[in-house]
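Trainee: Sequence:
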Amino acid sequence: MELIVTEKNNAARRIADILSEGGATTSTTAGVNVYEWGGRRCIGLSGHVVGMDFPPEYSDWRDVEPAELVHADVVKEPTQEDIVNALQRLAREADNVVIATDYDREGELIGKEAYELVREVNDEVPVQRVRFSSITENEVRSAFADPDDIDFDLAAAGEARQIIDLVWGAALTRFLSLSARQMGEDFISVGRVQSPTLKLIVDKEREIEAFEPDDYWELFADLEKNSTEFEAQYFYEDEDGNEAERVWNEDDAEAAFETLREAGEAVVQSVSRRTRSDDPPAPFNTTQFIRAAGSLGYSAGRAMSIAEDLYTAGYITYPRTDNTVYPDDLDERELLGEFANTVFGDDAESLLDQDSLSPTEGDEETTDHPPIHPTPDFPDRNKLSEDEWEVYELVVRRFFATVAENAVWEHLRVVADADGESLKANGKRLVKAGYHEVYPYFNTSENFVPDVDEGDELALSDARLEAKQTQPPRRYGQSRLIETMESMGIGTKSTRHNTLEKLYDRGYIEGDPPRPTTLAKAVVEAAEEYADLVVSEQMTSELEADMTAIADGGKTLAEVTEESREMLDRVFDELTDSRNEIGEHLRDSLKADKTLGPCPDCGDTLLVRRSRTGSYFVGCDGYPECRFTLPLPSTGEPLVLEETCDEHDLHEVKMLAGRDTFVHGCPLCAAEEADESEDRVIGACPDCGDEEGGELAIKQLQTGSRLVGCTRYPDCEYSLPLPRRGDIEVTDEYCDEHDLPELVVRDEGEDEPWELGCPICNYEEYQQRQRQRGLEALNGIGPATAEKLEAAGVETVGDMASADAEALAEEVSGVSEENVREWQAQAD
DNA sequence: GCAAGGTC
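Residue numbers (the working numbering): 7 to 834.
Keep in mind that the hints are not guaranteed to be accurate.
[As the list claims (entries may be wrong)] Think about it this way: if two alpha-carbon atoms lie no more than 30 Å apart in a straight line, the pair counts; the simulated BS3-like pairs of lysine-lysine are:
{"no.": "1", "residue 1": "Lys82", "residue 2": "Lys527"}
{"no.": "2", "residue 1": "Lys14", "residue 2": "Lys705"}
{"no.": "3", "residue 1": "Lys14", "residue 2": "Lys210"}
{"no.": "4", "residue 1": "Lys527", "residue 2": "Lys210"}
{"no.": "5", "residue 1": "Lys389", "residue 2": "Lys430"}
{"no.": "6", "residue 1": "Lys508", "residue 2": "Lys210"}
{"no.": "7", "residue 1": "Lys210", "residue 2": "Lys561"}
{"no.": "8", "residue 1": "Lys389", "residue 2": "Lys14"}
{"no.": "9", "residue 1": "Lys527", "residue 2": "Lys430"}
{"no.": "10", "residue 1": "Lys438", "residue 2": "Lys508"}
{"no.": "11", "residue 1": "Lys527", "residue 2": "Lys434"}
{"no.": "12", "residue 1": "Lys430", "residue 2": "Lys474"}
{"no.": "13", "residue 1": "Lys231", "residue 2": "Lys430"}
{"no.": "14", "residue 1": "Lys210", "residue 2": "Lys597"}
{"no.": "15", "residue 1": "Lys434", "residue 2": "Lys389"}
{"no.": "16", "residue 1": "Lys231", "residue 2": "Lys434"}
{"no.": "17", "residue 1": "Lys389", "residue 2": "Lys527"}
{"no.": "18", "residue 1": "Lys705", "residue 2": "Lys82"}
{"no.": "19", "residue 1": "Lys82", "residue 2": "Lys231"}
{"no.": "20", "residue 1": "Lys508", "residue 2": "Lys527"}
{"no.": "21", "residue 1": "Lys561", "residue 2": "Lys527"}
{"no.": "22", "residue 1": "Lys660", "residue 2": "Lys508"}
[As the list claims (entries may be wrong)] Computed beta-carbon distance windows for the label pairs:
{"no.": "23", "residue 1": "Asn91", "residue 2": "Ala151", "range": "40 to 48 Å"}
{"no.": "24", "residue 1": "Asn91", "residue 2": "Glu191", "range": "50 to 58 Å"}
{"no.": "25", "residue 1": "Glu507", "residue 2": "Asn91", "range": "27 to 35 Å"}
{"no.": "26", "residue 1": "Ser33", "residue 2": "Lys597", "range": "40 to 48 Å"}
It is worth saying that the hints were derived from the structure and are not from the lab. Backbone N, C-alpha and C define an ideal beta-carbon position, used for all residues, glycine too.
Given only the sequences and the hints, what does the whole structure look like? Please build it.
Mentor: If you want it as structure tokens, here you go:
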């Protein structure tokens, strides 16, 4: 029996399909899919199934000096036990093993890890290696016809990276965390990729903070020919002989303005026309896909998660790729043909009608995977969420664009003279739309300038002088950060977006575009001073050079890692002396990130704190002398914003809760608002109204949340939830069943008020919906939909114990699929 | 409990 090992289940299934000509059967071994046909079995790993770590005696942070980690052993342990078990079970019975992991460095290492697991249980079996750059009939067949050996040097290069990353990352992370006494979940992390990325963000912030704006002026006027008006801008020649529009001196600007205002007309000095070809974009690699999705409003992580779903469902190719050149065996014409009978049919036909079909190419041609493009498998639109469809359409249209013709612009430049001052107008017109016809994501707005001739006298009206200021540099957006990381060579196609998420999670950045916290600045400062290499992209470039040397046989893994450890030794020589100083600086910064402002009782400082039960609240730094506190909302992690409240001089607080994130505002304002707001009685309490005379009232709590609750609270705890935002109106309409008024919520910025109705009915419907949604999740509705449900604030079955989920399913069984679809439509 | 890299 021959055993084929791939990097992921999807690849295993497709390779089995090709080699078996569709005849493979699927079974599971130790819960892992195995594809089997004519004497062959194929199993997919899940990337690395073993992980590198220190032996257990190093695991207590307090017992081990961080510097000891530098020369500690590292060991590899299984991290995916079920897959390791399945692999070894099959390997025992194998008489030949073929490693078919991805064709890149990490794939070689994953292959070598599989090889070692095979060897543990079978020291005889031959192990071969096949390499192919896309899972297509031709490539796979020819690779298997001519197998090769594992490249152990290349795998060792990857292993050196693992060791160096672990040793540097863990030792420095522990050092900073211990020195700041930040253990547990709020440790202070550093690493070869995350820290240079963080420095990028911090450096930009430093530029912004150091920025001093300059005043300048710009002048415009309207020109007119044959009663068509167009705008022209004043310009002059600066000291270097360059054309300039900004006037840096107010007197000069006023003088030019005076001339333009008095001129009344301008004489055309020159007219120049040129046409410019606007070539279609290159095929999508991961970074460019993230960028394009970003311009549609998707965060990097969200874009990748949607792409992942579309890939797993079989609609697009593998979304993690550096490649921007379609492989030879992609038949673009055939793929276009697959869209003929879809909503993209007209566009596909028009592309097929072109004289030639030559796809664009980017600069990167790699062996890992093809660029991201749609597969011939066209999705049923109803099965995708709106977001998924939008992203899918982007991928389809990008593919279309890469085989479309170029666009052509015509530029018209007119220069005119108004009493010795120069005016210019630049017009542009799209004369051939080309790829823009099928790829509507780029700006194609035109700027109209009429046909004029040299010597024409144009009427000049409405001269304008605009006072402006230079602007600070812009922060990096997520996609620009990822592009910059790529150009610096840090991170990989699969990890860059995760690195950004890590920086958010660690409390280093907040907002979008991301801004560094005080802690982030302190960590970067500390690293710059004592371990410069770890915040520098140079660490990666040196590592890359070393890895190339290992792969070529010029250096050994032992040499490279030993060299790196010696460097880290020297870093620790310096660090250890400054431990207290560093710790103090980090602690101050952490405190600054939690500081709200002056305590209204004692004038000391209000901080965000955590109670023993884990909930957050606002407390005074002067505790226990000052016992002032304010509550915070119970959902999410609090984040102190830059914005402050005018009344109390306190920073506003934002609650981070994934997609339910909201701004709580100034906690003192929220508390005062709650104290001032009168409870509005709307009816009798259904629990205790008859016996005790309890009444239901609309209440506002100090945490900012609102509810309908019993006036006898805390004796009676009956309550119904209300939305956090919007004005709640009590109408004259009454619910027959519960004898309560219908409520309406009016939210600023929303055109339509939300007719919430009777609060009891509303809550019952809400609970019902929650159950139905649970059922949908149970019915195998995709992760994207589940995520959406979570966004709607609904706990999904994914979070429930399986017994609970089954009980829930039983409770609502007898529901037709149609009903489910209807509910889903409502939820959307 | 530390990193970065796979994959889900």
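Trainee: Do the alpha carbons of lysine 438 and lysine 508 lie within 30 Å of each other, as the hint requires?
Mentor: violated (45 Å)
Trainee: Does lysine 561 pair with lysine 527 here, judged by a C-alpha cut-off of 30 Å?
Mentor: violated (37 Å)
Trainee: Quickly compare the C-alpha distance for lysine 82 and lysine 231 to 30 Å and report which way the hint goes.
Mentor: violated (78 Å)
Trainee: Given the hinted pair lysine 210 and lysine 561, is their alpha-carbon gap at most 30 Å?
Mentor: Given pair lysine 210, lysine 561 is violated - Cα atoms ~38 Å apart, limit 30 Å.
Trainee: Under the criterion that the straight-line Cα-Cα distance not exceed 30 Å, is the pair lysine 14, lysine 705 satisfied?
Mentor: Violated, at roughly 53 Å.
Trainee: Do the alpha carbons of lysine 527 and lysine 434 lie within 30 Å of each other, as the hint requires?
Mentor: Violated: lysine 527 and lysine 434 sit about 45 Å apart, past 30 Å.
Trainee: That 50 to 58 Å hint for asparagine 91 and glutamate 191 (C-beta), does it hold up?
Mentor: At roughly 31 Å between Cβ atoms, glutamate 191 and asparagine 91 fall outside 50 to 58 Å, so the hint is violated.
Trainee: With a cut-off of 30 Å on the C-alpha distance, tell me whether lysine 82 and lysine 527 pass.
Mentor: violated (35 Å)
Trainee: Hinted pair, alpha-carbon criterion (30 Å max): lysine 660, lysine 508. Please report holds or violated.
Mentor: The given pair, whose Cα atoms are some 19 Å apart, holds under the 30 Å limit.
Trainee: Does the alpha-carbon distance linking lysine 508 and lysine 527 stay inside the 30 Å limit?
Mentor: holds (16 Å)
Trainee: Please work out if lysine 389 and lysine 14 have their alpha carbons no farther apart than 30 Å.
Mentor: holds (25 Å)
Trainee: Keeping to a limit of 30 Å between CA atoms, is the pair of lysine 210 and lysine 597 held or broken?
Mentor: This hinted pair holds, its Cα atoms lying about 23 Å apart.
Hint check: violations occur at hints 1, 2, 3, 5, 7, 9, 10, 11, 15, 17, 18, 19, 21, 23, 24 and 26; the rest are consistent with the structure.
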